[in-house]
Every structure is written in C-alpha cells, then in structure tokens.
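Chain residues, written in single-letter form:
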Amino acid sequence: MADAPKVAIRCDSLHRYLGKDEGRVHVLKGVSFEAHAGSVYAIVGPSGCGKSTLLYLLGLLDQPDKGEIWIKGQMMSNSLDAVRTAARGEHIGFVFQFHFLMLEFTALENVMMPMRKLGKLTPTQMGERAAQLLNDVGLADKVHRLGTHLSGGEQQRVAIARALANQPSVILADEPTGNLDVKNATIVFDLLTRLAKENGQAVVLVTHNPDIASRCDYTRPMRDGLFV
Amino acid sequence: MSQNFRIALRFLTAKKRAMVMSLSCIILGVGLFIVTQAATSGFQEFFIKTILGTNGAILIEDKVQQTLRSLEAGSYNSGYEVRQKEGQKYIEGIEYPDILTNGVKSFHNVSGVSAVLRSTVTIRSSFREQTGQIYGINLEDHLKVSDLASQIIEGSLNDFRVQEGGALIGRVIADKLQLDIGENFEIEYQNEIHHFKVSAIYQTGVNDIDSVRVYVKMDDARALLKKPTGATYLQVSLFNRDTAREDAFEMSNSLQYRADAWQDREKSWLGVFRAFGVATAITVSVFTLIAGLAMFNTLAMMVLEKTKEIAILRSMGYTREDITRIFLWQATIVLTIGTVAGCLIGAAITYAVSQYPLPITGIFTSHKFLVQWSAKHYVEAVATAVFMVMAASLIPSRRAARLEPGDIIRGTAQ
Numbered sequence: 001m002a003d004a005p006k007v008a009i010r011c012d013s014l015h016r017y018l019g020k021d022e023g024r025v026h027v028l029k030g031v032s033f034e035a036h037a038g039s040v041y042a043i044v045g046p047s048g049c050g051k052s053t054l055l056y057l058l059g060l061l062d063q064p065d066k067g068e069i070w071i072k073g074q075m076m077s078n079s080l081d082a083v084r085t086a087a088r089g090e091h092i093g094f095v096f097q098f099h100f101l102m103l104e105f106t107a108l109e110n111v112m113m114p115m116r117k118l119g120k121l122t123p124t125q126m127g128e129r130a131a132q133l134l135n136d137v138g139l140a141d142k143v144h145r146l147g148t149h150l151s152g153g154e155q156q157r158v159a160i161a162r163a164l165a166n167q168p169s170v171i172l173a174d175e176p177t178g179n180l181d182v183k184n185a186t187i188v189f190d191l192l193t194r195l196a197k198e199n200g201q202a203v204v205l206v207t208h209n210p211d212i213a214s215r216c217d218y219t220r221p222m223r224d225g226l227f228v
Numbered sequence: 229m230s231q232n233f234r235i236a237l238r239f240l241t242a243k244k245r246a247m248v249m250s251l252s253c254i255i256l257g258v259g260l261f262i263v264t265q266a267a268t269s270g271f272q273e274f275f276i277k278t279i280l281g282t283n284g285a286i287l288i289e290d291k292v293q294q295t296l297r298s299l300e301a302g303s304y305n306s307g308y309e310v311r312q313k314e315g316q317k318y319i320e321g322i323e324y325p326d327i328l329t330n331g332v333k334s335f336h337n338v339s340g341v342s343a344v345l346r347s348t349v350t351i352r353s354s355f356r357e358q359t360g361q362i363y364g365i366n367l368e369d370h371l372k373v374s375d376l377a378s379q380i381i382e383g384s385l386n387d388f389r390v391q392e393g394g395a396l397i398g399r400v401i402a403d404k405l406q407l408d409i410g411e412n413f414e415i416e417y418q419n420e421i422h423h424f425k426v427s428a429i430y431q432t433g434v435n436d437i438d439s440v441r442v443y444v445k446m447d448d449a450r451a452l453l454k455k456p457t458g459a460t461y462l463q464v465s466l467f468n469r470d471t472a473r474e475d476a477f478e479m480s481n482s483l484q485y486r487a488d489a490w491q492d493r494e495k496s497w498l499g500v501f502r503a504f505g506v507a508t509a510i511t512v513s514v515f516t517l518i519a520g521l522a523m524f525n526t527l528a529m530m531v532l533e534k535t536k537e538i539a540i541l542r543s544m545g546y547t548r549e550d551i552t553r554i555f556l557w558q559a560t561i562v563l564t565i566g567t568v569a570g571c572l573i574g575a576a577i578t579y580a581v582s583q584y585p586l587p588i589t590g591i592f593t594s595h596k597f598l599v600q601w602s603a604k605h606y607v608e609a610v611a612t613a614v615f616m617v618m619a620a621s622l623i624p625s626r627r628a629a630r631l632e633p634g635d636i637i638r639g640t641a642q
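From first to last, the protein sequence lines stand for chains R and B.
Positions 1 to 228 (the working numbering) are the ones given, in order, by the first sequence.
Positions 229 to 642 (the working numbering) are the ones given, in order, by the second sequence.
So here's chain B without its partners, still in its complex pose:
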C-alpha cells in the first residue's frame, strides 16, 4: 500500500460524513443512470425485437425501373431537347423470387430470406367473416427470418407442416371469428373460396398483425391467388441488424429492387422512443451534473479542512504531486466503492422495476415493465461517474498542491 493511498484512506475514514455524502452522490448517480437506461431502452429494444421478429430487418419489394430521360434532339449541341420528368417508377411485386433470393443471399450480412405472397382476402368462419390478409410462405424459410416459432401460443407448427390446407391465424382473428385449433374456415379471393384448417394460433403482440394475417403454405396461396410464380416481397433477416440501412441501400442499388430497412419502416415509433430517450437523458444529465457539483463541493471542503495537514506533509518532504495524489486517491476510493455499490443498487432496482406489472398491447405485448439488461449501461454509468468524479476532484486536488506551506502555517493561505 503506497503512503499516499494510506494517508488518503485515513483522511477519508476520519471524515465519515463527507465520505457518506460523496458516496451517496456517486451511488445515486450510477444507480439512477443504470435504471433509467434499462427502463428506456427496455421498451425500445422489445419493440425492435418485435418488429424484426415479425417483418424482418429488410423488406424487398417492387422492381425499380428508370423512367425516360430527357433527350437531345437534332445534332450534338443543337440546343433542342425533348424534356421528360426524370426519376424512377416501381413495378409491384417480385417476378422471379428464386433468382432474387440467390442475389440477396450473396450479401454477407444476410442470415435468411423468405419469399412471401400476400393479398387481401375475406376470411369466413361459421360465426362471422372479416377482411384479412393471406400470407403464402415457405415455413422453413420464414422461420429463419421471423420469430414465428416462438409466437405460436396454441397448436403446433408441425401440424401446419403436415396438414393439408393448414393455416396459422392471429390471436385477434381467432377470437373475432371464434376459431379454435383444428376448426375449418374459408378464405375467399375474387369469388373463389378455399377451405383451410387452423393448425396453430400465433400472437406477435402487434395488433395490426394479429388481427389480419393468416399464414398458409406458399402452394396453397398460389392456388387461391392464381399466381403460379412470383412473390409480393422478400423478407430478409440479418446477422447485424444495425447495418440494415446500409445493406438495404446496397441491395437496392445492385438488385434494382426497392429495399426498406426496419429503421425506415418504423421511423415514427422509433422517433417516439428516441424522444423519450432524449427526455430521460436530459433528466439523468441534470442529476449527474448535480451529483458532480455535490462531489466537487465535498472534495473542495475536504481540501479546505486539510490545509493544516497539507502544510505538515509538505514540511516533511511530501511533494506537490504527493498532495495531488492523496486527494485523487480519496476520489478514487470513493469512486470505486460508489460505482460498485451504485451498480449493485442499479441492478437491484432494475430487477424490482422489471417485476412491476404493466400490461401493454398494441405495438407489442407485455405484462410487466420492460427493462433491458445490458453490460453497456453499467460501463456507461461507470465511465460517466469516473469522468464526473475525476473532473470534480482534479480542481480541489490541484488547488491543494498549489498551497504554500509557509502561507498555511502563517495562516494566510487563500
């Protein structure tokens, strides 16, 4: 144990009130930072997980076609021009999904691709009918780009695989049409009616999905919709979801199909979460600043109270650097204890908050307050505390080192 550390530790333990004050500031700062980060990002993370688990990271639909361009008329530099409105137009759907799928799979970040054939239909049970959307999928492909497997709440995917005319229906549709597992229902498209059987009921938590989507096998969808080839869109999953925008841009450019990343599809909701996050960040920043100022005051008070000791130490041969180190050691000791305790308290409060019952449905389904457990929050909280405490302690420490021992002993230290 270095002598400076020994002195710092004894100074601290002798001034319990000041130490408790400093510790409280750091513990509260770190704890609050962790809890707010966990709570804020918990909802956003769950929302992102939900949208990725339902619609994938990227949707590729509609072929891009360049429209006519302006042309010069007559000879070169004739000054005559046939003007056209320049731009692009989109041709709905995907003509050759297998070829496009192979092209998409050549992107190294792509983890799965599923071709989907979609159309608006009428769904009818013996109880009532409603408008919905039929989604023709190849199940194994679709399981790679969605969380459909984990969204099944009744029945089984295996039944869907083996049953002729099997269908997966949303929880809300099932309730509305009073359909149970194994029951038959009709889907009507352009006056043609096909019969399906409920293999399983899924629940994504997103009302817009659970109330309209019926998943059927691709062949059944093709037969009903009379589309032996083609697809409405490709649903793509990625290894790294954060680069979806860049990947979508690349795909759009190289494949000549419109590709939408999840960040752009869900811009409005993500904007709401971002605003919520900024509001929380402002609150946390203000609190952290107050905690930092309190820490600064406490350390400045410690220096003021220890001017006599500084003079003694300097008279015994302790250097200005020693004095700075003693006060920085004090800050470091308080910081270490404070951040460890703050992290533990932050984790405990986060756990308590996560047990708070808070039923949410609509954009996703949750029964409890959502939190995100992430090491990043703890690292950020500790880094913020280190920055604040070191900034708050550096000025008093340097001031202590600058004190002239002769001035202190004469009682004229400023």
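So here's chain R without its partners, still in its complex pose:
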C-alpha cells in the first residue's frame, strides 16, 4: 500500500512490550499515527504512557512487537537492520532531550557527521552546508568550538542543525526543550519549527510542556499506551 506523497511517516496498530518475565509491560497497545510534511505534531501525556517508546519506534531505533511503520511510502517495521539504519541516515533527524552531541568534536564536525555517513556531498559542500545550518541556528561564531565549550542551549541548537543536516523528511524530537530554561526553550522550539516548515519536513515532538504543545499544529495526547 503506497502512502500519499504528503504523508512523511505513518504507523498502524503498533504494539510494544518492554521488560522481561513478570516485569514485562505492554507499553504501546495498538497505536496508529501519521505525520504530514510541513506540519508540527506534539505528543503529550504523563510519564510512562509510551510517548518516547512510540518516538523511538517511529525513528527505527527500536522494533515493534506488532504493527507497521511506513516512511515515505516504504514499510520499515519488518526490514533488516541495515535497511532501517540507512533509512535513519537518509529520512530521519533526531533531537534528544540531553543534546547528545559528540563532545570530542566541534559544532561544525557534529553537524557534518550525518552528512559524512550519507556521503552525498563533497567534503567542501558538507562544510559549507554545516556552516550554513549553524548560521541558521545562530551559532555562526561558534562553529569551531568543541561540544564541551558550548552551553546547554547552544548544544541543543547544534543538535537541531545536525538533525537537519541530511534534509530528512521527518524530525523526531524527544523533549527537545526539557532540559532548557524558558528563554532557550522558546529559541530552540522556534528554530526547530521554522526550519522544518521552511524545508517541508514533518516534526514530531514529545513534550511535557503545555506551552510548547499548544504552539504545535497538532497535539496528540496519549494515555496508557494509546492516543486518547
């Protein structure tokens, strides 16, 4: 079954269990969801309701026990690890709560890292694009700073630039502002949504912040492993 072109990512009846034996929990109980290009989606809900688990499944970082995931019309849920890995590099950009920069590398090198793996650009083009992205997130003067020499807000902005590096169809953000103060949270959210909309990318973010959720195009509340 082929998706309509504007559907960037879609999942049907996703089930996911976590833990083992008596500690095994049915985290996702048949979740279906789709995200369209150029739209921003907020998944909200109490801790443990399965928001992040859904995000990791959508990002192909984890495999569902049941259900299907489609990215740009291609079913990914049952594909081989190599196929899912390649799809992550080409179609998905991640922004995590704790920045997750490679601290031994500079801001520029961090942004270039996904591009180097994808290998579609020359090193010069990669450098220029990374510099442009860092300029877009307001870090033009800090491109050569190591990750350790950047503040939390700056690190998260580098992470956004890195997520956008390969021009993915979907940006998945797990509490991207959860570790930032109000001012930085606003900057980061505005950046993420503006750049994604400019590039026609679907943004799916998990958040506990009602202000952030209210500013998204769509809000999908979750409870006990299901959208409500």
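Each hint should be verified, as a subset may be incorrect.
Residues on chain R that point at chain B, a partial pick, calculated with CB under 8 Å [stated by the list, open to error]:
1. Leu-61
2. Asp-62
3. Asp-65
4. Gly-67
5. Ser-79
6. Gly-89
7. Glu-90
8. Glu-104
9. Phe-105
10. Met-113
11. Val-182
Distance ranges between label pairs, derived from CB positions [unchecked claim]:
12. B/Leu-237 - R/Glu-128: 35 to 45 Å
13. B/Ile-623 - R/Pro-46: 32 to 42 Å
14. B/Val-568 - R/Glu-198: 49 to 59 Å
Straight-line Cα separation of at most 25 Å, PhoX-like style, residue types lysine-lysine; simulated pairs [to be verified]:
15. B/Lys-445 - B/Lys-333
16. B/Lys-243 - R/Lys-142
17. R/Lys-197 - R/Lys-120
18. R/Lys-183 - R/Lys-72
19. B/Lys-291 - B/Lys-454
20. B/Lys-372 - B/Lys-277
21. R/Lys-142 - B/Lys-536
22. B/Lys-404 - B/Lys-445
23. B/Lys-536 - R/Lys-20
It should be emphasised that the hints constitute simulated quantities derived from the structure, not laboratory data.
Ideal Cβ positions, reconstructed from N, Cα and C, are used throughout, including at glycine.
For chain R, the structure is supplied; the task is to place chain B on it using the hints.
Only chain B this time, still in chain R's reference frame:
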C-alpha cells in the same frame, strides 16, 4: 581519512588516560618480548656458533659394519635357526679419507670437509709437561669447516703455513706450559719425540678445547703417529646448519660411516638452553596475557563510556559494522603506536643489556651479556601484540555493535 578512523582517533585522543594505559600495556609487552628473546637466544646462538666454529656441523667417524645375522639352518622352513645378536659394530677411524671426502662433498648442503688425524700425546715445554691431543689438519681445508682463523689471538696462520714443524696451541696450554710465539716444545707419542714451534695461539673459549688441542700439519701428525694414511674423523660444515640431523642421517645411510650432527653432540647443553628458553617463554607469556587482559579491560571500559555516542552514531545512520570498525580502529591505532614504540624501546634495552659486563669462560668466552639481534624477534613480538590486541578488542567492539540505540537512549542498555 575515513570517517570511522576520524571518529576513532578523536575518541582516543579525548581519553588520554585510557590511551596511555593501553599504550603502556603494548609497549611493555612488545619491549619485554624482544629483550627476553634477544637475551635468551643470545647465549644459545653464541654457544652454537662456538661449537660449529670448533667442531663443525657434522663429525664423520668410525665405519659401520653390520654384524652377523640369524640364519636358518637346514632346509627352508625347517624350523631350525642359528641365532646371533643382530646389530652393528663400528670400526674406528676412516681408512680412505679422500674417497670419503669426495662422497661427503656430493651432498648439496655441504660447504666444506676437513680430514683430521687425532691422538693423545704428551706435550712438553722447558717449564713442564701435560697430556694433550694432537690434531693433524690440512689448514686450508680446516679453515673452511671452522672459525680457526678468527680464533687466533697471537701469532699468525701464515707462519703456521710456512714454518717447518709449526703448531697452533690453545691459550690454556700456552699459559700452563708458558709457551710464547716462536718458542719450541716437544710432543711425545709412544716414546717418540718430535719438536714443534708455536706459530700461533688460538682461543675458542671452550675450556675443553683450549686446554688440550694442538693443531699441526697433517704430514707432521702422520710422521709422529706413524699413520701414513687414514684419518680419525672428517669435520663437515654445512650451508644450512639446521638440517644437520637430516644430512647426518643421510650420510650415515649412504656412506656407511657414523655421522653425528651438532644437535646430538651437544644435546645436554642445548637441553639446558631449551629449558632456559621455556622458562623465559612462560614468564613472557604470563606477562603478555596480563597485558592482553589489561588491554581488554581498557577497551571494554572505552565501549562502556561510549554507549551514548554509539546511540548517537546509530541514530545518524552509522551501521553496526561502522561501530565495530571504530573500536577496531582505536585498537589498531594504539597497536601501531604501541608496537613501534615497543620495538624501539626493546631495541634500546637490548643494546643497554648487551653493554652489561658479564665475563663468561668455560663453554664459551664472552666479556659482556650476550644478546642476539634478530628481525625474527621483532616480527614475533609484533605478531603476538597484533593477536593479543585484536583478540582483546574484538569482543568489546562486537558488543558495542550489538547495542540497540533505543535501549541506550532509554537507559536500559545491558
């Protein structure tokens, strides 16, 4: 520069303590391996060189004669038999040394053959007398099968060639009999006395040789010993000393003379060296194992410390193979630097050890600690390090590749 190599290099340089720890293990392992190998084989090699330089690779002496065999008596299958003790017996000496020499020279590994006529005699100077052994040799032949030329410490071989009644005497005999170059002495054999002149004094370092052997020209020996033909043994040198046993076996079979290879003649001393080598190998193996375990721990720690980075890389499209390669690159970088530094340090320590004064006499003569400089030791040390490091790094690297990024990010990675 590949991206995986770039990442590995940056991971390494960012974790200086871990890198220094890994490097130290490899440098110490490689360095110690080289030094112990050089020191152990140094003594053995010098001993072998000494015995080959004095008695040659193979000694051929005593003709083999088959003894009587058991015979059936009466008609075929009569059941009667005349039983004899079956076996071989040896007839001392070599009757026709020239013919046998030609036969020995037909072996492709033989580089030289020297016929030697030997007997026990009394050596007498104006100072005192002692029992010794006279060795009649053809000098030019003997120089091809021994290191006699380089063992001369006083006088000259040329004098021996030209002097009538010239003799080469050992350092210990010269000291005992207080003989100097150009001085006359007597050799008595079966009440007949011949006069000789000291042409040169040699020193092999082997006490058993330097204290008894007097080399004289073959004709002089024949005249004294009253043996116009024949020889006591043939001393044989080989191009490849390591096949001496096989060559001796072949010679013995085809020439019907007993042939002893140097490995069998010096079995007891070589056994001592082998035991010494095994003891050293055990020590080095234990140390190498400890170094390997330390390396394993360090790399395993690196993987544990980098689980977050592994998740990031996997989320960006880096494959499991990329992750394995990054950690294997780390091991390779450390291995390369470690082995180069280890070889240099090993060579430096080997040189320092070789300068250590350690006078040895008896089985050979040396004034310093003996080491052997051999590329083989370095190749073996590097090969051992490669094996240990790769074995130690493969498990953590594969473990890193198996980590599920979702599990790491959720904080549930095992």
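**Asked** Measuring from the C-beta of R/Glu-90 to each C-beta in chain B, is the shortest one below 8 Å?
**Response** Hint holds; R/Glu-90 Cβ to chain B Cβ min 7 Å, cut 8 Å.
**Prompt:** Would the pair R/Lys-197 and R/Lys-120 pass a check requiring their Cα atoms to be no farther apart than 25 Å?
**Reply:** holds, 23 Å
**Asked** Does R/Gly-89 pass the interface check with chain B, least Cβ-Cβ distance below 8 Å?
**Response** At about 2 Å, which falls below the 8 Å cut-off, the nearest Cβ of chain B leaves the hint on R/Gly-89 intact, so it holds.
**Request:** Double-check R/Leu-61 for me: the hint is only fine if its C-beta lies closer than 8 Å to a C-beta in chain B.
**Result:** Hint on R/Leu-61: holds, closest Cβ of chain B at ~4 Å, below 8 Å.
**Asked** Can we keep the R/Met-113 interface hint, with Cβ of chain B closer than 8 Å?
**Response** OK, holds: R/Met-113 within 8 Å of chain B, min 6 Å.
**Request:** Closer than 8 Å between Cβ atoms is the bar; does R/Gly-67 clear it against chain B? Give me holds or violated.
**Result:** Hint violated; R/Gly-67 Cβ to chain B Cβ min 15 Å, cut 8 Å.
**Prompt:** Okay, B/Ile-623 versus R/Pro-46 on CB: inside 32 to 42 Å?
**Reply:** holds, 41 Å
**Asked** Can the suggested window of 49 to 59 Å be confirmed for the beta-carbon pair B/Val-568 and R/Glu-198?
**Response** About 52 Å separates the Cβ atoms of B/Val-568 and R/Glu-198, which means 49 to 59 Å holds.
**Request:** Assess, step by step, whether the Cα of B/Lys-372 is no farther than 25 Å from the Cα of B/Lys-277, and give holds or violated.
**Result:** holds, 14 Å
**Item:** Agreement of B/Lys-291 and B/Lys-454 with the hint, judged by alpha carbon distance not exceeding 25 Å
**Value:** Distance of about 21 Å is within 25 Å: holds.
**Request:** Go through the hint on R/Asp-65 and say holds or violated, using the shortest Cβ distance to chain B against 8 Å.
**Result:** violated, 13 Å
**Message:** I want to verify a distance hint. Is the separation of the beta carbons of B/Leu-237 and R/Glu-128 within 35 to 45 Å?
**Reply:** Between B/Leu-237 and R/Glu-128, where Cβ atoms are some 24 Å apart, the hint is violated.
Hint compliance for this structure: hints 3, 4, 5, 11, 12 and 18 are not met, and every other hint is.
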